[in-house]
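Asker: What follows is each chain in one-letter form.
Number of protein chains: 2
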Amino acid sequence: MTTLACPLPHVETEAVCMGHGSGGRLSAELFRSVFQPAFGNPILDQLGDQALLHIDGAHLAFTTDSYVVRPLFFRGGNIGSLAVHGTINDLAVGGATPLYLSAAFILEEGLPLTTLRQVVATMEHCAAQAGVQIVTGDTKVVEKGSCDGLFINTAGIGVVPSGVRLAPNQVRPNDAVLLSGPIGDHGIAILAEREGLSFASEVASDTAPLHTLCADVLATGADIRCMRDPTRGGVASTCNEIAQSSRVGIVLEDAAIPVRPAVRGACELLGLDPLYIANEGRMVVFVAAADTDRVLAAMRAHPLGAEARRIGTATENNPGLVTMRTAFGTERIVDLLTSDPLPRIC
Amino acid sequence: MTTLACPLPHVETEAVCMGHGSGGRLSAELFRSVFQPAFGNPILDQLGDQALLHIDGAHLAFTTDSYVVRPLFFRGGNIGSLAVHGTINDLAVGGATPLYLSAAFILEEGLPLTTLRQVVATMEHCAAQAGVQIVTGDTKVVEKGSCDGLFINTAGIGVVPSGVRLAPNQVRPNDAVLLSGPIGDHGIAILAEREGLSFASEVASDTAPLHTLCADVLATGADIRCMRDPTRGGVASTCNEIAQSSRVGIVLEDAAIPVRPAVRGACELLGLDPLYIANEGRMVVFVAAADTDRVLAAMRAHPLGAEARRIGTATENNPGLVTMRTAFGTERIVDLLTSDPLPRIC
Numbered sequence: 001m002t003t004l005a006c007p008l009p010h011v012e013t014e015a016v017c018m019g020h021g022s023g024g025r026l027s028a029e030l031f032r033s034v035f036q037p038a039f040g041n042p043i044l045d046q047l048g049d050q051a052l053l054h055i056d057g058a059h060l061a062f063t064t065d066s067y068v069v070r071p072l073f074f075r076g077g078n079i080g081s082l083a084v085h086g087t088i089n090d091l092a093v094g095g096a097t098p099l100y101l102s103a104a105f106i107l108e109e110g111l112p113l114t115t116l117r118q119v120v121a122t123m124e125h126c127a128a129q130a131g132v133q134i135v136t137g138d139t140k141v142v143e144k145g146s147c148d149g150l151f152i153n154t155a156g157i158g159v160v161p162s163g164v165r166l167a168p169n170q171v172r173p174n175d176a177v178l179l180s181g182p183i184g185d186h187g188i189a190i191l192a193e194r195e196g197l198s199f200a201s202e203v204a205s206d207t208a209p210l211h212t213l214c215a216d217v218l219a220t221g222a223d224i225r226c227m228r229d230p231t232r233g234g235v236a237s238t239c240n241e242i243a244q245s246s247r248v249g250i251v252l253e254d255a256a257i258p259v260r261p262a263v264r265g266a267c268e269l270l271g272l273d274p275l276y277i278a279n280e281g282r283m284v285v286f287v288a289a290a291d292t293d294r295v296l297a298a299m300r301a302h303p304l305g306a307e308a309r310r311i312g313t314a315t316e317n318n319p320g321l322v323t324m325r326t327a328f329g330t331e332r333i334v335d336l337l338t339s340d341p342l343p344r345i346c
Numbered sequence: 347m348t349t350l351a352c353p354l355p356h357v358e359t360e361a362v363c364m365g366h367g368s369g370g371r372l373s374a375e376l377f378r379s380v381f382q383p384a385f386g387n388p389i390l391d392q393l394g395d396q397a398l399l400h401i402d403g404a405h406l407a408f409t410t411d412s413y414v415v416r417p418l419f420f421r422g423g424n425i426g427s428l429a430v431h432g433t434i435n436d437l438a439v440g441g442a443t444p445l446y447l448s449a450a451f452i453l454e455e456g457l458p459l460t461t462l463r464q465v466v467a468t469m470e471h472c473a474a475q476a477g478v479q480i481v482t483g484d485t486k487v488v489e490k491g492s493c494d495g496l497f498i499n500t501a502g503i504g505v506v507p508s509g510v511r512l513a514p515n516q517v518r519p520n521d522a523v524l525l526s527g528p529i530g531d532h533g534i535a536i537l538a539e540r541e542g543l544s545f546a547s548e549v550a551s552d553t554a555p556l557h558t559l560c561a562d563v564l565a566t567g568a569d570i571r572c573m574r575d576p577t578r579g580g581v582a583s584t585c586n587e588i589a590q591s592s593r594v595g596i597v598l599e600d601a602a603i604p605v606r607p608a609v610r611g612a613c614e615l616l617g618l619d620p621l622y623i624a625n626e627g628r629m630v631v632f633v634a635a636a637d638t639d640r641v642l643a644a645m646r647a648h649p650l651g652a653e654a655r656r657i658g659t660a661t662e663n664n665p666g667l668v669t670m671r672t673a674f675g676t677e678r679i680v681d682l683l684t685s686d687p688l689p690r691i692c
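Line by line, the protein sequences give chains A and L.
Start counting the first sequence at 1; every next residue gets the next number (this note's numbering).
Start counting the second sequence at 347; every next residue gets the next number (this note's numbering).
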C-alpha cells in the first residue's frame, strides 16, 4: 500500500480542529487515538455505519448521528430532512429495515419557534414517507451564543433480515463498484446557500432515504459485499475506507462517474473535487463482478438509482489504495484528505 | 385540579427561551405545542423516559438524551459520567436492563484533546462499571464560538423483562411515594462549580447508574406502578408529571424528604427549593401501599438506596396536583415551575 502513497508529514494536534469532523484522515486519526482505545469492543471495531446487535433473538442495527449543518435551510431540504434521511441511510446501507428513530434537539436561546416548527414538520414528513416512527426524544436549551441555532441528533433502530451479511472488509479483487447517481449535489447546494453563489443556485441537495433502494439491491440475491452512503468526504473517502478495511485496491474510472454540469462547473470554479463532496442520497455498492448487471438493473428500476453506473473495480494490486483512471489514460491516487474543504455539511 | 392552582398568566413566546429546556411548564408546553402535534404516535404519547418497542419478539426500551452541562467537570463527575448514567437511568426506571449505548459528540474547534480524552475515559469507565457497551458513535466539529466546548448525545437500548409493566398513568390513590436518597446534590454541585461558591464546595454530584437498584426493586415482586429519576426540575417536577398522568393528587411530607445540610444551607442562601433541584442518581418509586415496607427494605439494602424513605402518598383529592405538608402542619402547593432556576444542569 505504502509504495504509491506520498510521504505526508505526520499530523498531530493537541486541540480539536475542523478537520477532526471531516470524515477524512484527521477524523480517522481521532477515532483511532481517542475513541477506539477507550470504547473499543468487538461491535464498535466492525467500523460499520451501524452496530449490529443480537438481542433476544432479534437481529438489530443501531446507529447515531448529530447534525450541525449550516445554514439550517437549503435548496432541496433542511437540517430536519438530513437528520431523518441520514440516520435511515446509515441503517439501510447495513441492510437493515429502519423502524424507529429518536430525536434530540439542542436549541439556542432566541431561535424563532417558527424555525423549529418548520424543521420538526420536515422531520415528521420525511419519517412518515419512509415509514419510520420517531418514538423518543429530548430537548436542551443553551444560552444565546452557546450553539449555532439548532443541532439535532437522531439515533435509529432497524431490523436486519436473516441472511444479510454486509461488512466493509468483505470486498475482494475483481468486485465491481457501483454508484447510484450523480455526486456532489448536496455539498454544492449547501455551499451555494452558505456563500450565496449564484452560479450554483440551481443545484438542490440529493437528500433522500435509501432504504427501499437498498432493499431492492438485496432482493436481487446478488453477492453484495458492502453498501455505503458517501456522505462526509464523498465517494473518495468511502472508497478509501473500504479499500483499507478489505485490503484491496480500488480503481475508479473518471469518465464513468456521473457529475451534473452545474456541480462540475461549481467545483471547477472553486477548486473542489466532486469526488470528495458530500452526498446525502447516493449509495455505493460493492458486488461480485458476475452480479453487476442484475444489481445495476435493480438500481435503475428505482427512482433514486435511475442513473446508476459501474464506476470502478477492486483489485489485488495496491491493497488499501484508491486510484483514478482519467480520460487521458493516466492514473492518479485518490487519497484520503487530511481535512475537509466543506465543513458542517450535515 | 384547578381549584387549588393559582391563576398564572398564560406564557407565550415566539422564540426559544432557557425555560424551554427546564423540564418545567415551558418544556411541557414546547412538547405539547411543537413536538407532539408533529411526531405524535402511540409510542411517543406514552410519555415515558423511554420508548417501549416490540421487535421480532424482543421487548426493548429505547431512549436518548443530549448533555450540555456547564462546566464540563464538577465535583463527583463530568459530562461523560452524566451522558452514560443519565441514559442508563432512563432505561432503568422503565424496568429495562441497559445493554447498548451510542455516543455522539459535537466538539468546538479548539477544545483541548486532553479534555476530550478525560471525558471519553470517564464514559468508558462508567459504561464498563454498569455493564453496558458503547457500540456506535459520531463526531461533528463546529467552528470556535459555535458551541460551548463539548456536547454529547447518548441513546440507549435495553431489554424489558417479561411481566414488567411500568407507566406514569398507573399510580392510584393511597399508593406510596418512595425516594432513594437525599435530593439536590447534583444541582448544587454544578452551581458551586459554576459560580465558585465556597460554602457549597463540599457537595458532590450524586451521578450514578440506577439499573441495579431498579432491578432490586422489581425483584421484590411488589406492585410497582412507576419509577422515575428526578433530573431536571427535581422531585417536584417528577411528582407533578405523575400526578397529571395518573390523575391523582400527591401529598409529600416535608419532614420526610432527606436533604443534606450543605445542600439545604446552599438552597437557603440562594433562595432555591431543593425539591426543584436536579438529581442524577436518585429515584422515585410509586408503589402499592401494602408493598411499601418490602420495597423500602430492598432499596436500603442497595448502596444507592441506603437512605431511602417514604416521602408521600397519592390521593383521590386534587387530581393532578402536588402538595407539601410542612413541619408546621400547613399545606402548600408544589407547582410545576414555568422555567428553571438552574439551567444547563445536565
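Treat the hints as calculated values from the structure; they're not laboratory data.
Please note that the accuracy of each hint is not assured.
Said to hold, decoys possible - Covered stretches of chain L, going by a simulated chain A footprint (3 or more residues, C-beta under 8 Å):
hint, segment
1, 614-628
2, 669-679
Said to hold, decoys possible - Derived SDA-like pairs: lysine to any residue, alpha-carbon spacing no greater than 25 Å straight-line:
hint, chain 1, residue 1, chain 2, residue 2
3, L, Lys-490, A, Cys-17
4, L, Lys-490, A, Arg-194
5, A, Lys-144, L, Thr-461
6, L, Lys-490, A, Glu-108
7, L, Lys-490, A, Arg-247
8, A, Lys-144, A, Arg-172
9, L, Lys-490, A, His-125
10, L, Lys-490, A, Thr-220
11, L, Lys-490, A, Gly-145
12, L, Lys-490, L, Pro-528
13, A, Lys-144, L, Glu-662
14, A, Lys-144, L, Thr-676
15, L, Lys-490, A, Ala-58
16, A, Lys-144, L, Ala-361
17, A, Lys-144, L, Pro-417
18, L, Lys-490, A, Gln-129
19, A, Lys-144, L, Val-380
20, L, Lys-490, A, Leu-342
21, L, Lys-490, A, Glu-29
22, L, Lys-490, A, Glu-253
23, A, Lys-144, A, Pro-343
24, A, Lys-144, L, Glu-360
25, A, Lys-144, L, Cys-363
26, A, Lys-144, A, Ser-162
27, A, Lys-144, L, Thr-684
28, L, Lys-490, A, Ala-28
29, A, Lys-144, L, Ile-389
30, A, Lys-144, L, Arg-540
31, L, Lys-490, A, Pro-341
32, A, Lys-144, A, Arg-165
33, L, Lys-490, A, Glu-316
In this text, a Cβ means the ideal position worked out from N, Cα and C, and glycines have one as well.
Asker: Each hint: holds or not?
Answerer: How the hints compare with the structure:
For the segment 614-628 of chain L, the stated coverage by chain A is violated: 0 residues have a C-beta nearer than 8 Å to a C-beta of that chain, whereas at least 3 were required. Counting residues of the segment 669-679 of chain L whose C-beta lies closer than 8 Å to any C-beta of chain A gives 0; at least three are required, and the coverage claim is violated. Simply put, Lys-490 of chain L and Cys-17 of chain A have alpha-carbon atoms about 9 Å apart, close enough for the 25 Å limit, and the pair holds. Between Lys-490 of chain L and Arg-194 of chain A the CA atoms are separated by roughly 18 Å; this keeps the pair inside 25 Å, and the hint holds.
For the suggested pair Lys-144 of chain A and Thr-461 of chain L, the alpha carbons sit about 24 Å apart, so the restraint of at most 25 Å is met. Of the pairs offered as hints, the one joining Lys-490 of chain L and Glu-108 of chain A holds, with about 16 Å between alpha carbons and a cut-off of 25 Å not exceeded. Using a Cα cut-off of 25 Å, the hinted pair Lys-490 of chain L and Arg-247 of chain A is violated, with the two alpha carbons roughly 37 Å apart. A threshold of 25 Å between alpha carbons decides the hint, and for Lys-144 of chain A with Arg-172 of chain A the separation of about 51 Å lies outside it, so the pair is violated.
Restraint check: the Cα-Cα separation between Lys-490 of chain L and His-125 of chain A comes to about 33 Å, which exceeds 25 Å; the hinted pair is violated. As the CA atoms of Lys-490 of chain L and Thr-220 of chain A are separated by approximately 48 Å, the hinted pair breaks the 25 Å bound. A hinted pair counts as satisfied when its Cα atoms are at most 25 Å apart, and Lys-490 of chain L with Gly-145 of chain A qualifies at roughly 11 Å. Restraint check for Lys-490 of chain L and Pro-528 of chain L: not satisfied, since their Cα atoms lie roughly 39 Å apart, outside the 25 Å limit.
Annotation: proposed proximity of Lys-144 of chain A to Glu-662 of chain L is violated, straight-line Cα distance about 44 Å (limit 25 Å). Of the supplied pair hints, the one linking Lys-144 of chain A and Thr-676 of chain L is violated, its CA atoms being roughly 41 Å apart against a limit of 25 Å. Taking the CA atoms of Lys-490 of chain L and Ala-58 of chain A, the gap is near 43 Å; set against the 25 Å cutoff, the hint is violated. For a cut-off of 25 Å, the pair hint linking Lys-144 of chain A to Ala-361 of chain L stands: about 11 Å separates their Cα positions.
Taking the CA atoms of Lys-144 of chain A and Pro-417 of chain L, the gap is near 16 Å; set against the 25 Å cutoff, the hint holds. Taking the CA atoms of Lys-490 of chain L and Gln-129 of chain A, the gap is near 36 Å; set against the 25 Å cutoff, the hint is violated. Restraint check: the Cα-Cα separation between Lys-144 of chain A and Val-380 of chain L comes to about 21 Å, which is no more than 25 Å; the hinted pair holds. Restraint check: the Cα-Cα separation between Lys-490 of chain L and Leu-342 of chain A comes to about 16 Å, which is no more than 25 Å; the hinted pair holds.
With a C-alpha separation of about 21 Å, the suggested pairing of Lys-490 of chain L with Glu-29 of chain A holds against the 25 Å cut-off. Distance check on the hinted pair: Lys-490 of chain L and Glu-253 of chain A sit about 39 Å apart at the alpha-carbon level, beyond 25 Å; violated. Only pairs whose Cα atoms come within 25 Å are accepted, and Lys-144 of chain A paired with Pro-343 of chain A is accepted, the gap being roughly 22 Å. For the proposed pair Lys-144 of chain A and Glu-360 of chain L, the alpha carbon gap of about 15 Å is at most 25 Å, so the pair holds.
Taking the CA atoms of Lys-144 of chain A and Cys-363 of chain L, the gap is about 9 Å. The hint holds against a cut of 25 Å. With a CA separation close to 48 Å, the supplied pair Lys-144 of chain A and Ser-162 of chain A exceeds the 25 Å bound. With a CA separation close to 19 Å, the supplied pair Lys-144 of chain A and Thr-684 of chain L stays within the 25 Å bound. For a cut-off of 25 Å, the pair hint linking Lys-490 of chain L to Ala-28 of chain A stands: about 21 Å separates their Cα positions.
The hinted pair formed by Lys-144 of chain A and Ile-389 of chain L fails the criterion: a straight-line CA distance of about 33 Å is larger than 25 Å. Among the hinted pairs, Lys-144 of chain A with Arg-540 of chain L is consistent with the structure: their alpha-carbon atoms are about 18 Å apart, no more than 25 Å. At roughly 17 Å between alpha-carbon atoms, Lys-490 of chain L and Pro-341 of chain A fall within 25 Å of each other, so this suggested pair holds. For a cut-off of 25 Å, the pair hint linking Lys-144 of chain A to Arg-165 of chain A is broken: about 46 Å separates their Cα positions.
Distance hint between Lys-490 of chain L and Glu-316 of chain A is unfulfilled; the C-alpha atoms sit about 44 Å from each other, more than 25 Å.
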